[in-house]
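Number of protein chains: 4
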Amino acid sequence: MAKQKKGSPPGRIKIMKALSELMKKKDFHSITTSGIAAEAGVTEGLIYKYFKDKKDLLYQVLKQHFEAFQEKIEETTQGESSSLDKLALVIRCSIESYAANRVFARILLLEVRSSPDYFKCAAYDMVKRYAKTILEIIRQGQVSGEISRDVDPHAFRQVILGSIEHACLKEVIFGSEIDTDRVSERISRILFKGVQP
Amino acid sequence: MAKQKKGSPPGRIKIMKALSELMKKKDFHSITTSGIAAEAGVTEGLIYKYFKDKKDLLYQVLKQHFEAFQEKIEETTQGESSSLDKLALVIRCSIESYAANRVFARILLLEVRSSPDYFKCAAYDMVKRYAKTILEIIRQGQVSGEISRDVDPHAFRQVILGSIEHACLKEVIFGSEIDTDRVSERISRILFKGVQP
Amino acid sequence: MAKQKKGSPPGRIKIMKALSELMKKKDFHSITTSGIAAEAGVTEGLIYKYFKDKKDLLYQVLKQHFEAFQEKIEETTQGESSSLDKLALVIRCSIESYAANRVFARILLLEVRSSPDYFKCAAYDMVKRYAKTILEIIRQGQVSGEISRDVDPHAFRQVILGSIEHACLKEVIFGSEIDTDRVSERISRILFKGVQP
Amino acid sequence: MAKQKKGSPPGRIKIMKALSELMKKKDFHSITTSGIAAEAGVTEGLIYKYFKDKKDLLYQVLKQHFEAFQEKIEETTQGESSSLDKLALVIRCSIESYAANRVFARILLLEVRSSPDYFKCAAYDMVKRYAKTILEIIRQGQVSGEISRDVDPHAFRQVILGSIEHACLKEVIFGSEIDTDRVSERISRILFKGVQP
DNA sequence: CATGAATGAGACTTCATTCAT
DNA sequence: GATGAATGAAGTCTCATTCAT
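Residue numbers (the working numbering), protein chains in the order written: chain A, 1 to 197; chain B, 1 to 197; chain C, 1 to 197; chain D, 1 to 197.
Source of the hints: derived by calculation from the structure; they are not laboratory data. Remember, it's a predicted structure, so these values are computed and weren't measured experimentally. Accuracy of the hints is not assured; some may be wrong.
Same chains, same label: a pair holds when it works inside one copy or across any pair of copies.
As the list claims (entries may be wrong) - The calculated lysine-lysine pairs, modelled on BS3-like cross-linking and capped at a C-alpha distance of 30 angstroms, are:
1) 170 - 52
2) 128 - 54
3) 25 - 72
4) 17 - 128
5) 26 - 72
6) 14 - 26
7) 24 - 14
8) 128 - 55
9) 52 - 26
10) 24 - 52
11) 72 - 54
12) 54 - 120
13) 14 - 25
14) 49 - 193
15) 128 - 26
16) 63 - 49
Starting from the given sequences, assemble the full structure and let the hints guide the process.
Now the structure itself:
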């Protein structure tokens, strides 16, 4: 119900599923439209009925994954009142999502970034919203006194995002397991308290 | 003298330079061998005399950039005795390199990571060495008491690398300027002291 | 009706015909895919929709020719009861086919034999069937007493096949005419009765 | 001494040997000049110092092999006075040569025949001489009464050559062993006495 | 006697994409 | 709602060959 818009014709759904499926194993560039069609059990032509082009298809798939992600992030942080706890939750939840959803991670971390037109697509808008959410939490933390005023919010956000991504990158690339709990705790520990004794 | 091995035939050098040049503007996938040849002023065939294929050429270029980078890192940190100062220098120097050398940054941050065979190439070996250097500095810091023992060295390294990369990513993608000093200082500030007041 | 399976798309048929046509004048290696496409009046890409590669196309064409050939051989020998007469017919019919169908002869006698993968393709299976047919006729002849028991069937088959091929080779190479009747009669005469007075 | 002309420069010899060597495993078309140069331990350019082109090199190698072959045939048949015995010896000797010298066999049976310019090269002259020798023996046999007058000499020669070649073809292609004695005896048996009881 | 750098033509192949049905 | 035939542009790569040194 949350996964596909109700009115979606079967072919459209099959095609998106097919790309998702193929991206578990291969990178986008080595996936061909004919491969997608074969996996979906439809003809190549049909892809162009529903998507402007191959990249558009990718962005649609990404957006679909992202909606679920964003929803979860917002749900999770809602109840929490402490800013640092919220951030810890965002970190945890992001890593969890990457871990649980390799395709999403692959696309986001490795595929789309190199094409300039990604930054104009609908899916990127959601990334911006996600980033904005984090920035707001940081600012709240500074207002409430949980976070030091001499920390630059943008820099902090960068460090958070970078840490999350780098933590997942290797496992996404090599397909290894991610120990979500350990990884996210360690990151939070370092970022919040620093490394000095 | 440091840039090319003297024995290299002129054509080889021209080809590598041509790819470097083209990567300032386009991503690797949209660069064609015929484009490279044209830019280098040689014939397409010559590329395959010196490089196994287009990817091999990319890795050679990357490796060449990396050698300069690695050299600089080692030079820079040599004189320093404090571990945290060394790490701050590594961060600064890395960001500086990315900032000064967009091609290198593009390749490393956006292009190669999605191809599995990159991780088997010679250039990746240098990445590993770079990463190892950082890990060793962290461990020295723990021995000397500068860095808290309850910080996991691998996690800390991940946070460092992630922060560096993410800090540069946007500017590399959009071609904007990086204020090396400010960015690196802020990162070090957060990572070393944490964000709590 | 016997020539192409009705389901074949027009492009596929045109391509196969084009190769057949071109092979009348040139050898396979000097025929290019672009030449084939031009002759067929389709685009080069279409070749690869229907055939794995250029060689696959060749083998398909060969197989098609072979099916007609095999059919004819079987038809021809059906009515005959004497083994030697059957063999004479096989010889005659084979030479006739080579004579009437230079393309087929060229491919079989000169082109495919040097590529190891020909011997794994479907067309070669038909050659084996043809050879088997001959062997069986020989054995029947020995059973019926027409052919001496101290003649080795395999050796005899070799001699038959070799004689047929060599008889046609020169004319295939130089494009000269073959006097089917005379050639086949002479071969049968020698093979059956020997050369001693 | 018989193998190379005395004055041959070392490079020339190395190149010819290299091609011979490579042809033991691969067919001529898939052997590249660069492969030849590598095997010979010289540079590609040198090939064109000594040979007009790649094909010329092939013909030179063939000719060299052929000289040894021709010499042996003539030696062998010299002493014999009976025509049929001479022919039996030619058959035996030819098969023996093919068996012992796969490269020679490969070139002659599989490679050169499809190029029209082979028939203008020096090596082909030797083939003609060999064929002529056989024809003369057959005619002598008819004069002496050993061979029936109603056998056409050309047809008989064709049968002989075809039988020899076909007998060796499979083993040359697949690299299997040839039992020279058995094969040649069986062929002579059939050709001379026929197959009727 | 030989090298090594470079060429150039073209080969095969791939793929996203379109359009009539 | 979907098919299937066809396109066309480009892309990577191969290889025989030449020539200055």
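Cross-check of the supplied hints:
Taking CA atoms no more than 30 angstroms apart as the test, residue 170 paired with residue 52 passes between copies only; the shortest distance there is 27 angstroms, against 32 angstroms inside one copy. In this assembly of identical chains, residue 128 and residue 54 lie within 30 angstroms of each other by CA distance solely inside one copy; the values are 23 angstroms within and 34 angstroms between copies. Proximity of residue 25 to residue 72 under the C-alpha cut-off of 30 angstroms is restricted to the intra-copy arrangement: shortest distance 25 angstroms within a copy versus 37 angstroms between copies. Only within a single protomer do residue 17 and residue 128 lie at most 30 angstroms apart by alpha-carbon distance; the minimum there is 25 angstroms, versus 36 angstroms between protomers.
With identical chains, the CA atoms of residue 26 and residue 72 are at most 30 angstroms apart within one copy only, with a shortest distance of 27 angstroms there and 36 angstroms across copies. For the homomeric pair residue 14 and residue 26, the shortest alpha-carbon distance inside one copy (18 angstroms) is at most 30 angstroms, but the shortest distance between copies (33 angstroms) is not. With identical chains, the CA atoms of residue 24 and residue 14 are at most 30 angstroms apart within one copy only, with a shortest distance of 16 angstroms there and 38 angstroms across copies. Taking the closest pair of Cα atoms, residue 128 and residue 55 come within 30 angstroms of each other only inside a single copy of the chain (20 angstroms); across copies the shortest separation is 33 angstroms, beyond that limit.
In this assembly of identical chains, residue 52 and residue 26 lie within 30 angstroms of each other by CA distance both inside one copy and across copies; the values are 22 angstroms within and 22 angstroms between. Proximity of residue 24 and residue 52 under a CA criterion of 30 angstroms is satisfied in both settings, with 23 angstroms inside one chain copy and 27 angstroms between copies. Proximity of residue 72 to residue 54 under the C-alpha cut-off of 30 angstroms is restricted to the intra-copy arrangement: shortest distance 28 angstroms within a copy versus 42 angstroms between copies. For a Cα distance limit of 30 angstroms, the shortest separation of residue 54 from residue 120 qualifies both inside one copy, at 16 angstroms, and across copies, at 29 angstroms.
For a Cα distance limit of 30 angstroms, the shortest separation of residue 14 from residue 25 inside one copy, 18 angstroms, qualifies, whereas the shortest one across copies, 37 angstroms, does not. In this homomeric assembly, residue 49 and residue 193 never come within 30 angstroms of each other (Cα to Cα): the closest approach is 53 angstroms inside a single copy and 55 angstroms across copies. Taking the closest pair of Cα atoms, residue 128 and residue 26 come within 30 angstroms of each other both inside a single copy (27 angstroms) and across two copies (24 angstroms). In this assembly of identical chains, the alpha carbons of residue 63 and residue 49 lie at most 30 angstroms apart only when taken from the same copy (19 angstroms versus 33 angstroms across copies).
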